Structure formats: C-alpha cells, structure tokens
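K.L.:
Put the two chains together into one complex, using the hints given.
If you read the sequences in order, they're chains G and C. Quick note, this note's numbering runs 1 ahead of the 1-based positions in the first sequence. Quick note, this note's numbering runs 24 ahead of the 1-based positions in the second sequence.
Think of the hints as simulated: they come from the structure by calculation, not from any bench. Quick caveat, the model's predicted, so the values are computed rather than measured. Accuracy of the hints is not assured; some may be wrong.
Claimed, not checked - Far from chain C, by Cβ distances over 10 Å, these chain G residues were calculated:
{"id": "1", "residue": "Asp29"}
{"id": "2", "residue": "Leu121"}
{"id": "3", "residue": "Asp128"}
{"id": "4", "residue": "Asp137"}
{"id": "5", "residue": "Leu141"}
Claimed, not checked - Facing chain C, according to a computed beta carbon distance under 10 Å, are these residues of chain G, among others:
{"id": "6", "residue": "Ile28"}
{"id": "7", "residue": "Leu32"}
{"id": "8", "residue": "Ile110"}
{"id": "9", "residue": "Asp113"}
All C-beta atoms, glycine included, are put in the ideal place defined by N, C-alpha and C.
Residues per chain, in single letters:
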Amino acid sequence: MNEFEWRRQMRDLRQPLMPQRDLWAGIDAALDDDSQLARLPRPATSAVSLQKHRQRWLLAGSLAASLLLVGGFGWHLLQAPTATPVARAANPAPATWKPDDPRLAGAAIELDAARMELQLAIRQSPDSPALRRLLDRTELQQIQLRQLAKQAG
Amino acid sequence: MSPASTRANDTDDVRAAAAGDRHAFQRLYRLHAGRVHGAVYRLAGYDHARAEDLTQDAFIRAWQKLPGFRHESAFGTWLYRLAINVALMDIRARGADPVSMLDDDHLPEAGETPFCAAERVELERAIGQLPPRARAVLVLHDIEGWRHEDIGSELGMAVGTSKAQLHRARGLLRKILGESS
Numbered sequence: 002m003n004e005f006e007w008r009r010q011m012r013d014l015r016q017p018l019m020p021q022r023d024l025w026a027g028i029d030a031a032l033d034d035d036s037q038l039a040r041l042p043r044p045a046t047s048a049v050s051l052q053k054h055r056q057r058w059l060l061a062g063s064l065a066a067s068l069l070l071v072g073g074f075g076w077h078l079l080q081a082p083t084a085t086p087v088a089r090a091a092n093p094a095p096a097t098w099k100p101d102d103p104r105l106a107g108a109a110i111e112l113d114a115a116r117m118e119l120q121l122a123i124r125q126s127p128d129s130p131a132l133r134r135l136l137d138r139t140e141l142q143q144i145q146l147r148q149l150a151k152q153a154g
Numbered sequence: 025m026s027p028a029s030t031r032a033n034d035t036d037d038v039r040a041a042a043a044g045d046r047h048a049f050q051r052l053y054r055l056h057a058g059r060v061h062g063a064v065y066r067l068a069g070y071d072h073a074r075a076e077d078l079t080q081d082a083f084i085r086a087w088q089k090l091p092g093f094r095h096e097s098a099f100g101t102w103l104y105r106l107a108i109n110v111a112l113m114d115i116r117a118r119g120a121d122p123v124s125m126l127d128d129d130h131l132p133e134a135g136e137t138p139f140c141a142a143e144r145v146e147l148e149r150a151i152g153q154l155p156p157r158a159r160a161v162l163v164l165h166d167i168e169g170w171r172h173e174d175i176g177s178e179l180g181m182a183v184g185t186s187k188a189q190l191h192r193a194r195g196l197l198r199k200i201l202g203e204s205s
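Chain C extracted, bound-state conformation (with noise of 0.2 Å):
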C-alpha cells in the first residue's frame, strides 16, 4: 500500500472513529501502536509494564479527544504528542525532580566531552536508569530530535534549564556507561 494510501484510510479512519467507530480506531491502533509504544516506552525507561500502560492509556485518550481532533496536522503526528504529554504527566505525577537527584560528583569534569560509543543494549540499560526527567530530556532531544523550545514547553522549564538537563543527563549517561564497561 502506497504512503498516500495509507493517509487515505488513515483519514477515512479517523473520521469514522470519530463518530463512534470502535473497528475504525482498532485499525489506527494496529497502525500507530509501535510508533506511540516506542517512544513511551524510551520515556518509561524501558520498563515494558509501565509502558504498557502509558500506551493504553495514550490510546484511551486518543479516543476521547479524537471529536475535537481538527487534521490540522497528520493524525499519527497529533497522537504521537497526545502519547509523549502522557508519558509526560506520568514523570511529573511521581514527583521527579531530576536537580535534587543530580549530584554534581557524578557529572564529568569541564572540557571533558559526554559522548561516548556503546552497544544499543547497553545504552538502552543506562538510559533507563537516568533520573526521569533527565532522561526526558535527553530521549526527547537526542532520540526523538525535539528542539529544546518544545521540551521547555512540554515539560515547563526554560530553554536553558532543558539545555542544562541534557548535558547533565548526558554526563550521567557517559557515568553509567564507564561503570558497566
């Protein structure tokens, strides 16, 4: 099936969810479920139950939004950003505060660059036990490319302090990931 196809019936499913189809939505669920799961899932720290949940969750919301859904934008787009707010509200609903658990010693020295190689396992490992914020930050710019204007907005902080997250999650990371090797 051609891309043009797809958002074709993709609108057509849309519409018709709606208006009340439930068959309608299961389709865009079968259609958009790993790209919503994926990314909640980096968000969750790769814990598969709590991403499960989110992603549930996501999908609940979605349909009850969808009547004010306008197609301004791609609907796989609108429920990518419905699914990440979730994820979102979850981190700030267990109360993480990522400064408090930043501790200066863990962060690499001035001039010392943050990036290092590793395998995707490992990397995944050690993202997962970034404080959750601070693990936001960083999958939300380094994973899935969002400028730090949005994830300013999205989780209400400042340009710079979303800056200041991510070269502390990054020096975290590179932390994590010298102690495993």
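Isolated chain G, as found in the complex (with noise of 0.2 Å):
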C-alpha cells in the first residue's frame, strides 16, 4: 500500500457521528447554570460597554479571592493563643449592606464575614499591625465593592 492509498483509507473514516444518546438535555441544564453567573443579561451592547462589564466582574472577582486569603488568614490567627482579650477601638467598622445586584451580594456577605473574623482576631490579637492592616484593606474592598454597585446601577 502507498502512501495515496493509505491516505484515502484514512480520509474515510472522516465521517460525521451523532453521539450515541442525545446530549442536549445535559448541555440545556449546563447552560441554566451558566446563565446565572456569565450570562446575566445579554443585552446587544457595544464592545466597551462589554469591557466595562468584565471590568466589573475581575475586580469582583479579585475581592473574592482576596477575601479567601483574608479569611484564612484570619482563622489562623484565630487559633493561636492569646494574652489579653481587647476590643479593637479605632476604624469603627461599615454597617452591614447587601446590594441589590445578586451578583455583587455573595461578594458583600463574603466581604462582611471577613471583616467579622477580622475584627474577632484583632480581639485575640490586638497589637498585630497586619490584621490592622488587613481589616483596612478589607474595609476598603467593602467600599470599592459599594461604588462598583453604584456604577452598575
């Protein structure tokens, strides 16, 4: 056999296959699950309305990711023992608030408990600067967090 041959042998089996079940029920409840979170409303906008928009959504994105390492952070020092229980006086914290944008909400809850553990291991803690520093840069997220709701709308 030359290599024409082979090559023809091989061009037939390039033939189109349906898969053996059909997929798309599984595609279909797929995509109910991404159009909570990617697709939320698919309005026809323009390309920097678009940009705007993940804009919006990596620095979400970047606050949550933050916060883990906040947390994390915090029940550490949780769990490390301490001397002298001290409620921590300065940089009174923001209220709690929850943002009409369920997008932008589990943001804000993840925020808010982190700033709690926070302020729980500055008790523990009170003279760490980087707890101080990190419930400020916190504090700061919440803020940034409430400005970006407010450019959203």
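P.N.:
Shown next as structure tokens:
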C-alpha cells in the first residue's frame, strides 16, 4: 500500500457521527447554571460596555479571591493562643450592607464575613499591625464594592 | 434545503444564540453535533463516553464564547476548531507524553513502508490503542487533513516534532494491525 492509498483509507474514517445519546438535555442544564453567572443580562451592548462589564466582574472576582486569603489568615490567627482580649477601638466597621445585584451580593456577604473574622482576630491579637492592615484593606474593598454597585446602577 | 439557505439559517441562529436564544442554539447543536462529535470521538480514541463528555463540553464553551464570535469564518468551522481544542486540552490535562510511551522497538525498520490496508473497524480499534498525543497527530493529519504547521501550533510542538510523531504513530499502528491480523 502506498501513501496515496493509505490517505484515502484514512480519509474514509472522517465521517460525522451523532452521539449515541442525545446530549442536549445535559447541555441545556449546564447552560442554566451558566446563565445564572456569566450570561446574566445579555443585551446588545457595545464593545466598550462589554469591556466595562468584564472589568467589573474581574474586580468582583479579585475581591472574592483576596477575602479568601484574608479569611484564612484571620482564622489562623484565631487558632493561636492570646493574652488579653481587647476590643478594637479605632476604625469602626461599616454597617452591614447588601446590594440589590445578586452577583455583587455574594461578594458583599463574603467581605462582611471576612471583616467580622478579622475583628475577632484583632480582639485576640490587638497589637498585630498585619491584622489591622488586613482589616483596613477589607473595609476598603467593601467601599470599592459599594462604588461598583453604584456604577452598575 | 439548499446549502445557501442552510448557511442563512445557520447565521440567523448564530446571531440569535449569541443574543441568548436557547432554541436557536439547540438548532445549531442538532445541525453540527455530528461533525463535532465525530472529530472528538476519533481524538478520544473511539471512546464513546469520553467523546460525549467532550462534545457536551465543546457546546457549553461555544455558548459561552458565542458573543465573541466575529463571523470571520463559518460557524461550523469555528465550532469544529473549538471542539478539537477542547479534546486536545483534555489530552494535555491527562498528562499524555507520547515520547516516553513510544518505544523505538515498536517502530518499523528504516525504509519499511508504514502503510498497510485494514478493515475500517480494525483500523479504528488500532487508532484507539495509540498513545493519546501520537493519536492526536495521526487523527489530525491523516484523517482530518490538517497541516503539520497547524498541528504543531495547536499541540505546542515544532513542525518537525509533529512529523516525527506522525511517523511514529503510523509505525505503531502498523505494528498493532500486524499483531491483530
């Protein structure tokens, strides 16, 4: 058999083939999950507004990622033995706030939880500058999230 | 239905699906599932269950990426490339290493022609036994008709490596077919 015959034999294998079962139900279900996250409002938008939309999501994603780090660190400190529990006097925490946008509400809840965990950790270790910096950063992220919600309208 | 009207419907459905019309996307699925699944099935080594997972994944990704589809190529071509990419990513994720799996003892002697005739079922079974990346090169080049430049780019290998992989895959195939006959 030469290469020409070989290629013809192999090309004959190139046939469309329908799946043995209908995959649409599974795809449809996955799209339901997907549409609750990534495909929420899909208006005919311009490239610029799409880019802004993506930037907002990137910011929300980075906030969520950083609060995981904050939460983990706070939890670690909570586990450590401490001396005198002292309440954190300065920089009172912002009031709990829940945005209307369900996509931002998740991030707001997570940030709030992270802030409360950090406050607890500071009660355990009031002299820790790292904890205070983390708390300040978390509160700053909460403010940024509020601004984000305001921009999103 | 003529090819022209099929293309027109296809384009309408693509635009509707990109705007979130699930029914339009379902029609696209019905129209293109055969071609997508056929290619993915071959790359997955003729494994029905895995190929179905990959086909499903390819359509989900297509839905996610549809808003970015610029109509620079036919939707079918775009979808087909996306599905191939999903299948190749799966091969990469499984850590397939063709070089370590291919023993030179398994290759034909120098100068021996690596081509041989076989029944379709035999051939498919033998291709399914190849190491994943070697199979990917063979399927893409000999069955799907891709150029080595495109294969190399998609699989992250040099053109020369793709050619060498093809030679090895054909040699292994000949060996497998020789043993089974």
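K.L.:
Compare the structure with each hint and give your call.
P.N.:
How the hints compare with the structure:
Its closest Cβ contact with chain C, about 7 Å, brings aspartate 29 of chain G to no more than 10 Å, contrary to its assignment away from the interface. Look at leucine 121 of chain G: its CB is around 39 Å from the nearest CB on chain C, clear of 10 Å, so calling it non-interface holds up. Residue-level check passed: aspartate 128 of chain G sits 47 Å from the nearest beta carbon of chain C, beyond 10 Å. The beta carbon of aspartate 137 of chain G sits about 37 Å from the closest Cβ of chain C, which is more than 10 Å, so the claim that it is off the interface holds.
At roughly 32 Å from the closest C-beta of chain C, the C-beta of leucine 141 of chain G stays outside 10 Å, upholding its exclusion from the interface. Of the supplied interface hints, the one on isoleucine 28 of chain G holds, with its beta-carbon coming within about 5 Å of a beta-carbon of chain C, less than 10 Å. At its closest, the beta carbon of leucine 32 of chain G sits 6 Å from a beta carbon of chain C; the interface hint therefore holds under the 10 Å criterion. Below 10 Å, beta-carbon pairs count as interface contacts, and isoleucine 110 of chain G has none with chain C, the closest being about 26 Å; its hint is therefore violated.
For the restraint placing aspartate 113 of chain G at the interface with chain C, the shortest Cβ-Cβ distance is roughly 30 Å, beyond the 10 Å limit, so the hint is violated.
Comparing the model with each earlier hint shows violations of hints 1, 8 and 9; every other hint is respected.
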